[in-house]
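Engineer: Okay, here's what each chain looks like letter by letter:
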Amino acid sequence: MRHFRKLSMPYLIWCIIFILIPLVLIVLYAFTTVGNHVISLNFSLANFAKINDPTYIRVFIKSFELGVITTIICFIGGYPLAFIISRQKESVQDLLILLVTVPTWINMLLRTYAWMNILADNGIINGLLSRLGLGQVTMMYTNFSVVLGMVCNFMPFMIIPIHTSLSKMDGSLIEAAMDLGANRLQTFRMVIFRLSMPGVINGVVMVFLMAISSFVIPKLLGGGQFVLIGNLIESQFISIGDWNFGSAISTILAVLILIAMRLMKSMDLKEAEAN
Amino acid sequence: MEKIIELKNLTKNFGDQQVLKGINLDIHQNEFLTLLGPSGCGKTTTLRIIAGFEEPSGGEVLFDGIDISAVPPYKREVNTVFQKYALFPHMNVFDNVAFGLHIRKVDKQIVETKVRRMLDLVGLSDYENRDVTLLSGGQQQRVAIARALVNEPKVLLLDEPLGALDAKLRKEMQFELKKIQKEIGITFVFVTHDQEEALTMSDTVVVMNEGTIQQIGSPIDIYNEPENRFVAGFIGESNIIDGIMNEDFLVTFDDVQFECVDNGFPRDEPVDVVLRPEDIDIVKPEEGKLQGVVRSVTFKGVHYEIVVETRHRKYRIHTTDFCAVDTPVGLTLTPDDIHVMWKTPY
Ligand SMILES: Nc1ncnc2c1ncn2[C@@H]1O[C@H](COP(=O)(O)OP(=O)(O)O)[C@@H](O)[C@H]1O
Ligand SMILES: [Mg+2]
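Top to bottom, those sequences are chains A and B.
Its first residue numbered 1, the first sequence is counted upward by one per residue in our numbering.
Its first residue numbered 276, the second sequence is counted upward by one per residue in our numbering.
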């Protein structure tokens with residue numbers, strides 16, 4: 001075992017350099033003021049106070065709203081798909097799961113540009129609509145386009161963990177439920193769905209995380225006016241240059257996400273106890 | 276006894292493999308019936324067809340005289356104890372046992388009474404709130420039995436339920452299962468590949484091989500009067516010898532003619548002769564009809580297993596009298612120890 005411990009050293013160093021140090025720096029930046037040097041740190045809560053502004057609060061609320069909506073849509077669409085896939089023969093399952101992941105092989109930017117072409121006022125859909133004489137619909141730069149972009153991008157991350165938990169489920173448990181008198185719906189509700197909860201939680205957490213922190217999709221499909229937390233952080237770092245404020249927002253986001261994950265976990269436990 | 280389940284010319288194909296080749300079987304009320312046979316002979320498939328998890332390729336399954344081919348598993352009045360228990364890991368002991376009653380929306384008070392009584396019956400009264408995944412194999416087994424029995428099925432199907440238990444626990448559970456079956460008085464259809472288990476527990480033993488029924492009978496019948504070479508070989512460790520049935524009540528094997536109790540064979544018909552190890556008597560060489568030398572002696576707890584080599588073959592003999600290796604001995608047989616049977620393709 002000692003031997004192996006040595007082998008993990010490079011990984012540990014890698015973790016410290018690329019994960020731990022940036023994290024410490026971000027928290028450090030969040031709690032200090034502009035222009036300080038490493039030698040003279042001015043600790044302050046000013047960055048956090050700054051967030052307490054209706055404009056920023058609205059950005060937070062909107063981000064959470066869209067994150068929740070995206071997650072719910074991914075769940076409603078992804079669960080049945082994962083379920084149907086898990087009912088197939090193994091070879092078919094492998095193929096279908098491959099198909100689900102195909103879009104993620106293509107750069108997200110490219111896919112998002114493709115959506116822009118489809119949704120634009122002079123894009124494919126509106127072209128079709130006007131040819132049918134149905135007039136135009138504005139789809140770009142709305143909540144709709146942003147959520148659509150996020151759902152399409154993040155769907156595989158919902159489907160795959162759910163499929164994993166469904167496909168490794170012991171088939172005799174399903175037979176046991178039916179044997180004890182449960183019809184198909186009851187079997188699904190009382191056994192299959194309950195046992196797939198770990199996959200559901202993984203999927204939900206992953207999609208929500210990506211949705212709430214994404215900045216490329218809202219920027220491209222939402223346009224310049226569309227600001228979510230990710231965009232706010234990006235602009236603080238890239239264009240405005242207030243790293244301290246950007247770090248403070250990141251820190252708050254991280255804390256909120258941690259709380260949300262805690263809640264999910266405890267919800268699952270409680271439901272398990274209640275049943 | 277009244278018939279509760281009838282299997283009529285039941286067949287089952289998986290792809291081009293025929294797994295059941297025409298099973299005809301009547302299962303009676305309050306019977307402890309065991310399907311016994313080597314692994315892969317179709318026992319589980321038969322049970323799954325009765326439970327409704329597999330559709331027969333041909334033939335009929337009658338329950339109380341009514342064809343139930345189209346009835347889904349959740350509407351059948353049978354419950355199954357699965358080979359690997361299949362307890363719901365997300366429920367505690369109580370909720371596992373109460374599952375069937377919950378589904379049928381039984382009153383909460385009644386559920387509690389019934390579940391408690393059932394847990395009592397299987398000796399798990401204090402385990403209600405335990406996590407099933409943390410129970411021992413034997414305890415999980417009991418939960419599985421309670422979960423099935425609490426629904427008061429007309430028939431309980433058990434697929435090698437004791438297979439995963441160690442020898443001592445197995446014996447205990449054999450005894451308890453039999454006790455439970457007597458107490459609540461329902462039909463058990465039990466599957467095992469262990470002949471001893473089948474013989475000790477059952478009212479009726481059904482010996483199967485390669486998708487066909489070889490013999491149906493009481494344990495004593497199956498043991499004493501095996502109908503063919505396969506049954507004789509599978510039950511116990513019999514000596515099976517090629518012989519010639521000279522005429523009624525006279526059979527020749529190993530160049531010696533013996534009196535027997537069988538008749539009705541054509542003259543000089545080739546037959547299988549089955550000799551139980553415990554039926555062969557060891558005597559002094561000059562008193563025996565067959566002569567040989569003791570080749571090995573093994574103590575088996577209650578009896579010795581002695582192998583005697585004659586001019587023609589080695590005989591396996593069970594006796595409580597010790598015999599030293601290399602002793603010349605004689606072997607004798609009384610007429611009713613000799614079981615003559617028709618030669619079969621097996
Ligand atoms: N779902 C299935 N698909 C294909 N072959 C099967 C299936 N279930 C069982 N078999 C085959 O049917 C035969 C009998 O199986 P089974 O009834 O499980 O035997 P037993 O329970 O007596 O060991 C075996 O050869 C097995 O491989
Ligand atoms: Mg089996």
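None of these hints come from the bench; they were simulated from the model.
Some hints here could point you the wrong way.
Derived DMTMM-like pairs (lysine to aspartate or glutamate); straight-line CA-CA distance at most 20 Å [said to hold, decoys possible]:
(1) B:Lys429 to A:Glu175
(2) B:Lys429 to B:Glu458
(3) B:Lys359 to A:Asp170
(4) B:Lys359 to A:Glu234
(5) A:Lys89 to B:Asp406
(6) A:Lys265 to B:Asp291
(7) A:Lys89 to B:Glu329
(8) B:Lys429 to B:Asp478
(9) B:Lys350 to A:Asp94
(10) A:Lys89 to B:Glu330
Derived list of chain B stretches under chain A, where covered just means 3 residues or more per stretch with a C-beta under 8 Å from a C-beta of chain A [stated by the list, open to error]:
(11) 362-369
(12) 566-578
Under 8 Å between C-beta atoms, here's a sample of chain B residues computed to sit facing chain A [as the list claims (entries may be wrong)]:
(13) Lys359
(14) Arg422
(15) Tyr498
Glycine residues also receive a C-beta, built at the ideal position from the N, C-alpha and C atoms.
Engineer: Check each numbered hint from earlier against the structure, then list the numbers of those it violates in ascending order.
Structural biologist: 4, 5, 6, 9, 12, 15
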